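Participant: Chain by chain, the residues:
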Amino acid sequence: MTKLLPIELTVNGSARSLDVAPHHTLLDVLRDELGLTGTKECCLVGECGACTVRLNGRIVDSCLVLAVEADGGEVATIEGLAPPGHLSRLQQSFLDEGAVQCGYCTPGQVLAADDLLRRNPRPTVAEIQEGLAGNLCRCACYEQITQAVLATSRAASDDL
Amino acid sequence: MRSFAYERPATLPDAVALLDRHGAGARVLAGGTDLIIRLRDGTCRATLIVDVKRIPELLPKIEVADELLRIGAGTVMADIASDVRVGRHFPALAEAAAVVGSVQIRNRATLAGNVCNASPAADTLPPLLIYGASVVAMGPAGLRRIALDDLLARSGTTTLRRGEVVTAIELPLPIGRVGATHVRRTRRSGHDLASVTLAVAIDDAGVTRLAYGSVGPRPLLVVDHTGAFADPHAPEAALQEVFDSMFAEARPSPRSMRAGPEYRLAMLRVLARRARQAALDRLWES
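If you read the sequences in order, they're chains A and B. Take 1 as the starting number for the first sequence in the numbering used here and just add one per residue. Take 1 as the starting number for the second sequence in the numbering used here and just add one per residue.
Please keep in mind that the hints were generated in silico from the structure rather than gathered at the bench. Each hint can be trusted.
Covered stretches of chain A, as calculated for chain B (at least 3 residues, CB under 8 angstroms):
id, stretch
1, 22-32
2, 45-55
3, 61-68
4, 124-135
Quantities reported herein were computed from a predicted structural model and do not represent experimental measurements. Using N, Cα and C, we set each Cβ at its ideal position, and we do this for glycine too.
Can you make the complete structure from the sequences, with help from the hints?
Facilitator: Following this line, the structure appears as structure tokens:
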């Protein structure tokens, strides 16, 4: 019997206390224990980015982080990007630009794009491609995804 | 993933004691970007994972003191790539850290982990070799400094002893003017492992330090004292002679899926020429 370890996390602003198996990843726990299935499991080797979440202010592949490593940390998932029933401007841009086809990679793409815009509010196309290089899209919506990030960036700067 | 026990020691002596007691059954966990993959696919069968990220001596920190740049073992690639002091004194290392994996990987992968993993294709190893980096390790017998060139044994294997934990990587600050760069060849731009990875440092005395990886069981460091590599007007024959000598030990694996041996050997020379030009440009503009 695997010994469970107690951890405490803040997930999308809510404090959570859990008992986790040492070999369960943050991805496993978000999906299976907390029911946050917006974070996707895909390659499990840190290449595709479908499991991207923000941990302590930085995006990571949650398939490569043990849940117990996140103890005491703050996690943000796609569910926390906007209030329930609403979309962030970035999410709306993904829809407007047709950047969502099958949608499986979209939560990870959106979190990586959100992270890029936080660090660099006016990215160039090259900077967008580099910022999202860790997120693969098998539907090959890369052009539309880039346009969605550019549109969000332009809309944000128009507000200033 | 197969189950294992997990410990998160609060002190360095506790970590050393755990690793010493469990020997080969224990593995150090830093960023996890290689280890978690290997635990999942079964190529690593550790029964105890020792997470060293909360040990005070290993916390992410870059500092300059005593003519050294010291990078704490917990420091991740993203922080090395963006650090002003690393960029000023060790641009080839900053460039290499910036191309490891993706943003997600660079936010997690540590430099010390890249070193201890000892992959022949590790992008940060050639820059660390040309800059004369040392690894600081604490073990049951105390603290010791190991020149990186002496640490790398072969693919996946270092000369670290039972119970030893790397606490920092140290780079001596360059004396005099140095022009340096890191270049690599990959199958695709963006997120890929290197088919060839190479770094060059040329100093104002005409000495060149060049290191290359992904063409043999470990990255190799070569030094050209003839001055031919550093001479922008060196005749082609002299340059070829230097390349022949520099790359004599390159042994690319015929089994790699990333690139064939002939291609890698040809690209070594192409990359060496590009890196030479970039390093010379930097030497004279510095």
